[in-house]
Each structure stands twice: as structure tokens, then as C-alpha cells.
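Between the sequences and the hints, there should be enough to build the whole structure, so can you do that?
Residue numbers (the working numbering), protein chains in the order written: chain R, 1 to 190; chain C, 1 to 143.
No lab work stands behind these hints: they were computed from the structure. None of the hints are false.
No farther apart than 25 angstroms at their CA atoms in a straight line, the calculated lysine to any residue pairs in the SDA-like style are these:
(1) C:Lys62 / C:Gln76
(2) C:Lys95 / C:Ile85
(3) C:Lys6 / R:Val124
(4) R:Lys172 / C:Pro27
(5) R:Lys172 / C:Ala11
(6) R:Lys166 / R:Glu154
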Amino acid sequence: MKADVSVRSRDEIAAAIRALSDAQWIRLRKASGYFAWVYDLSGEDLLQEAFCRALAGSRQCPTHVDIVKFLKDAMRSIANGEGEKAENQIDTISVEECDAAAGGGLQLKDSTDSQEEIMVAAEVNEATRQAVLGLFPNDAQTRDLADGILAGYEGEELRALTDLDKTGYASKRRFMRRTFDKHSSEGKKP
Amino acid sequence: MTGPDKKGREALARLADVLIEDLLAAPDEEILAEFVEERGDPVKNAEDMRALFEKSILKSNKDRLRAARAGLEADQASPATAKLINIANVRTKLKRALASCPPEVKLTLAARNESELSDADVLGMLQDLEELGIVVSDDDSGN
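What follows is the structure, encoded as C-alpha cells:
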């Protein structure tokens with residue numbers, strides 16, 4: 001059974017956003033940048049859409065949830081939805097092409113990924129992974145950390161992978177984030 | 001598609017989640033100092049972001065107005081179908097119909113004194129007579 005949750009009104013959401021500190025605005029901006037990088041979108045558009053959905057009430061914000069975290073989750077959901085849309089896009093053909101296909105003049109493509117497409121996607125994924133790891137050319141532990149995250153490792157498992165103590169692990173995570181931030185502040189993608 | 005596929009994006013999204021987790025956990029002073037080093041003035045950044053938010057409010061207000069207008073137009077396009085009925089007139093009409101209808105119909109309708117019937121019974125009975133073609137409905141008769 002779901003417990004009752006009190007949610008922020010439109011005015012309360014607006015007031016909470018207007019009251020954000022300089023540091024919180026930086027967090028929001030950077031979060032939008034990370035998602036924009038992953039899903040190949042505009043960070044500004046993503047943030048604006050998250051604002052609009054929060055104000056429209058299509059995403060409800062419980063009063064106990066931090067507003068920055070709420071907006072971050074909204075951006076992730078919006079970006080993920082855009083990614084899914086792109087993934088599920090069906091190839092369309094014009095009427096002329098349809099006639100040509102009926103007459104045997106056009107080869108219609110199967111909607112499922114061909115072997116070649118799967119191979120190309122695997123190559124692109126690997127190139128992206130190498131680009132990410134390439135950000136840390138002289139640091140094997142940070143490379144292992146990033147690689148472990150990409151592979152789906154979490155928590156203690158991830159720390160064990162890097163063979164670091166808690167302090168060293170926290171320091172490597174910070175170094176990884178800072179490297180990404182510096183890289184993206186120069187307008188580059190990994 | 002030239003970017004990573006779903007599997008590749010999911011891997012990158014995991015990385016983004018970790019980066020954001022650390023970003024949210026880092027102390028404000030650290031976040032501010034890093035920003036100064038990387039991009040510039042945090043106050044100017046906050047101003048730019050607030051302006052973006054105000055733009056979003058305007059857009060959201062316009063969307064709400066559009067939705068309200070669309071709702072209003074939809075309401076106007078389909079006016080309420082309920083109509084007011086004078087039950088006294090209906091009772092009179094039923095009494096007249098029962099008095100003039102054939103005996104077999106009277107039996108079918110279990111002739112009771114019209115004054116004992118509820119308003120709902122009166123309306124229902126009249127509707128039955130209309131369906132049997134014994135009484136012409138107001139809509140059909142143009143009244």
C-alpha cells in the first residue's frame with residue numbers, strides 16, 4: 001500500500017527554484033551537461049523541459065525531496081525518453097518508394113537490426129568507451145574505475161575493482177569527475 | 001544512428017549517475033571553486049540560469065493558457081445535452097395517452113392510477129409508449 005505523500009504546488013516549486021544557491025545552479029547546469037552528453041541533446045533544452053514539466057505538474061515533486069535532485073531525476077527521465085524514441089524510430093518510406101517496392105524496384109529494410117548494424121553499434125560503443133578511458137592516460141586506477149562503472153559495477157564491488165582504500169577511492173572519483181568537467185567546459189565530448 | 005546504441009547509452013548513463021551523485025554530495029565551496037577554475041563567475045551563471053527558468057515559466061504559462069482555451073472550445077463545441085422537463089406536462093400527456101391507447105397496451109402497462117406513479121415511472125412509461133409508437137415524442141413532433 002502506498003503512503004500518502006505531500007507534493008509541492010506549482011508556486012512552491014517556483015519559489016524553491018528561485019531560491020537556489022549559486023552552487024545549486026552549478027550542480028543543475030553540470031547535471032544537464034552530463035545527460036546532454038550521454039543522450040546527445042542540448043543541456044539547456046533538457047533543463048528547460050524539466051522546469052516546464054515540474055511547473056505543469058506532469059512530474060510531481062514530493063515536499064521531502066530536494067529540488068535539485070528532483071530536477072536531476074526529471075532531466076534523466078526526459079533524456080532517457082528521448083533516447084528511447086530515437087531507438088524505436090521506424091524507418092518510413094514515401095508513397096513513390098512504396099509503389100516502387102510493390103513493383104519490386106525497392107528493397108525494403110527489415111525493421112530489426114541487421115547483423116551489420118549490430119556490428120557497427122558495437123564498434124561505436126567500444127570507440128566511446130575508449131574515448132572515456134582515454135581521458136585518463138596516465139592513471140590506471142581511474143581508468144579501471146570508469147571502466148567498472150561502464151560495465152555496471154557498483155558500490156563496494158567497484159571499490160574492490162580499483163584496489164583502493166575508502167579515502168583513495170573517494171579521491172579517484174573526485175578526480176574522475178573533475179577531469180570530465182574540465183573536458184566538457186572546453187566544449188569537448190569524450 | 002551514429003552515436004552509441006541503447007546498451008552503450010545505458011553504460012554512459014551509469015557513468016553520468018555516478019558523476020552526478022558525487023556532484024550532489026560535494027560541499028558547496030568545492031563546487032564554487034571548481035566552477036571558477038573551469039568556467040568563470042558562479043554569480044553570472046546563477047543569473048543566466050534564473051533567466052532560463054523565468055523563460056520556462058513564461059512558456060509554461062502560455063501552455064496552460066493554450067490548454068485552457070482548448071478546453072473551453074471543446075466545451076462550446078459540445079453543449080450540455082440535459083434538458084429541463086416540466087413533469088406536470090408529462091403526467092398530463094401520459095394520462096391522455098393512457099386514456100386513448102388500445103386496451104391490450106393498457107394491460108401491458110399494468111394500468112395504475114397515474115397519480116400513484118413516481119416521476120421516474122411517468123417518464124419511463126411515456127418513453128415506453130413512444131417506443132411502441134403510440135405516443136409521438138416531443139422531438140419528433142417538433143414541440
